[in-house]
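Taken in order, these protein sequences are the chains called A and B.
Residues 1 to 343 (the numbering used here) make up the first sequence, in order.
Residues 1001 to 1393 (the numbering used here) make up the second sequence, in order.
Honestly, the hints are just simulated from the structure, not real lab data.
Each hint should be verified, as a subset may be incorrect.
Stated by the list, open to error - A partial selection of chain A residues facing chain B, derived with a Cβ cut-off under 7 Å: (1) 39; (2) 246; (3) 247; (4) 255.
For every residue, glycine included, the Cβ atom is placed at its ideal position computed from N, Cα and C.
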Amino acid sequence: MNLLYSEIEEELRASVRDLLRDRSPQDVVLARVSAGLGYDPALWRALAVDLGAAGLQDPAVGGTLREVAVVMEELGRSVAPTPFLGSAVLATAALGWERVGERTATLVVPFSGGAPSVRAAGGRLSGRVTSVADALSADLLVVPVVGGSLWVVERASVDSGVTVTPRTSLDLTRPLADVEFEGAPGQLVTEDPAVLDRALLTGAGLLASEQLGIAEWCLASTVEYLRERRQFNRPVGSFQALKHRLADLWLEVVGARAAARAAADALATGAADTEILVAVAASHCGTVAVRAAEECVQLHGGIGMTWEHPAHLYLKRAKADQLALGTPGRHRARLAELVDLPA
Amino acid sequence: MTDLDPTARTRELLAAFPPSEVDRLDFLRARFDAGLAWVHFPVGLGGLGAPRALQAVVTAELAAAGAPDNDPRRIGIGLGMAAPTILRYGTAEQQRRWLRPLWTGEEVWCQLFSEPGAGSDLAALATRAVLDADGVWTVDGQKVWTSSAHTARWAILIARTDPTVPKHQGITYFVCDMTDPGVEVRPLRQITGEAEFNEVFLTGVRIPDTDRLGAVGEGWRVAQTTLNNERVAIGGQAVPREGGLIGMVAETWRTRPELRTPELHQRLLQHWVDAEVLRLTGERLRQQLAAGQPGPEGAGGKLGFARLAQQLTGFEVELLGEEGLGYDDWTLRRPELVDFNGREAGYRYLRAKGNSIEGGTSEILRNIIAERVLGLPPEPRTDKDVPWKELSR
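Extracted from the complex, chain B is given alone in its bound form (with noise of 0.2 Å):
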């Protein structure tokens, strides 16, 4: 094949694996071979170094001869984390290892950034990695709010190789074998009761230097386009009125009347307003994107919802009465998962308070805004040139 069209490829690829006959793996195998997996990727890395914007035409074609699909939600953190840092950063013998089994999702794949010490705060972290003679890490240290952990192959690291120097400077970047004997990984329950995360323990964990992303002491930087990726993914598709938990809510108001009463229904319409008020904010936004005149708006997007969804999931527990002193189960288990429709309003109510803490803290989120999008000046930083190992912890 040397045509590099996508469409034509996408129609040769049907021809040759039919969905209905082939099995799922070897499918998705010769979609990734066929460089219909990331059509804007490189040829022989999962694309046809073709623009971005076909892989919508790829995407709905497969769809339509009833293709199976490589299961993004369940390998998010893979695609979205993982891969376009590997691209960026990893060498050719790293991408060709990593990147297929990473697609198809053979291997799933985990982020081990944060850590006890280290949230919002993530340039403080302790984890240390020291390099033998012999040419391999040593990595000791705890990470945390690890999703995946437990299914996951590979992990993407960042440790610090140098305590000497100021805290962004010396930490290196590592693809982590989540088999080696020294990963222990512990499910973290949440007030939930569930277990979406994990802790993970690390000690005597070794990493060859050929598993290292970007060079030594460079790891601040190479975790940046981790982390870009993962904000990038702002709501794409437009959300019909009253879709998400305003929807919930309301048709609880509506089939339930016995439950109304009109300080509630002062306060359901308010967050009526708000959630309009952000659904339409939104929808600017992707106008705003599709006129190629990206605004500040995106920054406030999480902020403005995690705000809403606490607001709401409290008032709906409110709104319930006895029903809402109630829990529908309180049973360890392990979403792969957040499923906020599937549960019960108390639920809803004690999830939807991560909101404001993971991917960014509604506080940093804050200070984002206020600095970069408003230009005020920023808090005097008293550990910029400190070394790490003089700071306070």
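So here's chain A without its partners, still in its complex pose (with noise of 0.2 Å):
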């Protein structure tokens, strides 16, 4: 087991951040969501495609799901509005870089979770799934249906079946949407209900990496905040109370880095205790992404409750991350019955 970053993985990072800071700074991020604007296409482009992040799952590219990880870490970092998760991350664990390219894809699964609700008949799908991510900038929709096989929609065709409806989502940089078939033409992908089991853990385990830069990202511009910000005569970070509590969540933050490099590693590795790692990163990094940006707010005080100020955005995706894919509960009872610890 692997815990530590490779120089690759870190001049990945650096090119992830680089396009980030100049393409998607925070008042860009809010000014897009308050105008209702969606995801940036132009960013989503540079970074799937001319930088390649979204064929990291390529296996002629030779990249792993270490670095997708790392690349979810900075998308956490800068609560970007790109398409990833479903993209370049569930459906193509679903489906297979081969099939899913550089078109934008994402698999069509309730966010919080659930069993499919989708049937099949006659090689059309008919059903209706809600709140899944990254549904609206899709072309290609990844769908699992009841009895476990999985099926590819593709929307271009101008009767294709599908009616995809937005939803007002509580996390404004990844909007959900309502997917409806009616009749409309697949492609059977498998019939193996594993794959779909497999994305999923892959999803999760990846989502803890997300959860991880959002994290990061709010103990840092706490800390920053902290170091300048003056009340009763002196830095309001010399105060013993909030440096206790800083140093709590530097702890968690710490714990949570070791978490959720140990599910990405073990992923990409195939471990024997995947699935052990994956419970455990997920239940406790969505709920360290959830304190922090909770703190973060908290302890900038007026301005931290403010819109203007960016923490509302980390504090909105690390409450849905904490739902997504599973909650922190739903991935201890999966633990309890991974490592014998029965009710």
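Work from the hints to combine the two standalone chains into their complex.
If you want it as structure tokens, here you go:
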């Protein structure tokens, strides 16, 4: 188990971070979400295609899920509005890079989890899936159906039989949508239900890296603010009551980094205990990200409560992520089965 | 012998002193004299001036040959704290006199630092040492939390030698003879019922100036060497999943289904995750150190361990229900080692209360993390430039 970052991973991180800083600084993100503009197609193209971040699961590139996890960290750190999770993580894990390619895709599952409800008959799909992440911008819908098989639907055709309705979402930077299939023509991908399970495991494991990125930004920006903000004739950060809170938060973030890295490494290498490490990372990192974002709002005082300060974008992303692909409670319940601690 | 290669030296030692035929102490003395005690120490002081990493090779070779060890747990204070300080600040005479019996365990060491009024604020210590005209110091005061004081031959001691300067400046570092008639050691009984530690009363204790370590008034700087060496010992070994306390609790859960409730199940899983995250954090730190990238994670290891140990041991007592109302043994005893595994849940619960106090309280560790890792400003220091005797105590 390798819990460190390789040189290649650090180089990838630097490229992604530079791109996001240039193209998607927080005021730009805020302006886009305030105007209801949703994802930034130019940013997505630059990240996914020009930088090649969407193709890291392409066997020809030789990338691994460890590198995908590093991209997730940076996307969390910048709350960038891109469909990376749905397209480059979930759909690609389910369908394979060969079939997704440079198109934008998503896995049509309720973001908060749940069993498939879409039915397939005569090659056509019918049913409704609510609160799907990254559906608005997807050309390719990867659809698990009742019975465990996996189908793919092209949205490009005129008579696709697919309706995608945006929802007003808690997380402004990853909007959700309801997807309705009315006799939509689909292609069967596989009848093996393990493919979907594996994609969801990959998604939950790598979401922990996004949560780590969120938590790291929240901690760093709070420390920076408390070093400068003065009250009672001294920097607020010199008060022991606040220092102790931040030291405790730092320790949780350090743990989140180890747990997220362990999950990414296990997914990349196919370790025997991958499911355990994903359950540990998903339950721990989800909670740490929320706590870091809540502390960030509180310790920024009045400014932390405003729309103009980016803290709320992180809080909304963190809270939505905590529910996404399984709550901490659900991951712990799965862990109970895996490590033989029955209820 | 002129060959300084540790492996060759080890083989020569084993040939000259076959472990199955010679007395334990004779073997340990011969090992020290061969420079195989600490290979990175200088020649003549138990070492060969060799790279520290070669010690593991020597240790493995000796263990394979069935050689006796020097019981490093029982004499840990001497090995971990006194020896590095003596090596750095001691005179040649002091090093020659103390290091060999320290290493063989013939002479046990203890540490007289903490006082009832100077715990986390160690530099506030009040034990006085006054130099007579004949070159002998007279020491009066009280120390506390002293492990091994009842078996120790020597103690490292810090005392105030100049009360007119600020508190960090007027301290001097000594080696105290524990057989001096002015030294009185009393067991300090703890909340567990046993006495791991002692109170030590020093009344007119006489210390010759030749038993001083470092310059007069430089004791705080010397003590930093001792304390840094105390903190170096971060869990060096990989821990398996469910190693430690969580394994014990998980085993109780598996074998005692009648104890289970849904509410306890939720909390057990939360603790299990916390324990695994702490384990992975330690593993990541070890990998960073091995790769030559020391990270700040080590500063949090003790803080995280103390919190988890306290939560887990409290949970264990609750899980046991009626059994948790009992206690295994309140008889006063004086253990040489803290035995978390060999006692019952109530003992673990009570003993874990010390984890957030001993060796740096959790509050002090949080300050260290906040200031040295996160770079937050220090609290204003009102005592820094005030002569010690003018401080309110």
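How the hints compare with the structure:
1. For the restraint placing residue 39 of chain A at the interface with chain B, the shortest Cβ-Cβ distance is roughly 33 Å, beyond the 7 Å limit, so the hint is violated.
2. The beta carbon of residue 246 of chain A comes within 6 Å of a beta carbon in chain B, closer than 7 Å, and the hint placing it at the interface holds.
3. The beta carbon of residue 247 of chain A is positioned within 7 Å of a beta carbon in chain B (closest approach about 4 Å), and the interface hint is therefore held.
4. A cut of 7 Å between beta carbons decides the hint on residue 255 of chain A: the least distance to chain B is about 4 Å, and the hint holds.
Figure legend: structure checked against the earlier numbered hints; the only hint not met is number 1.
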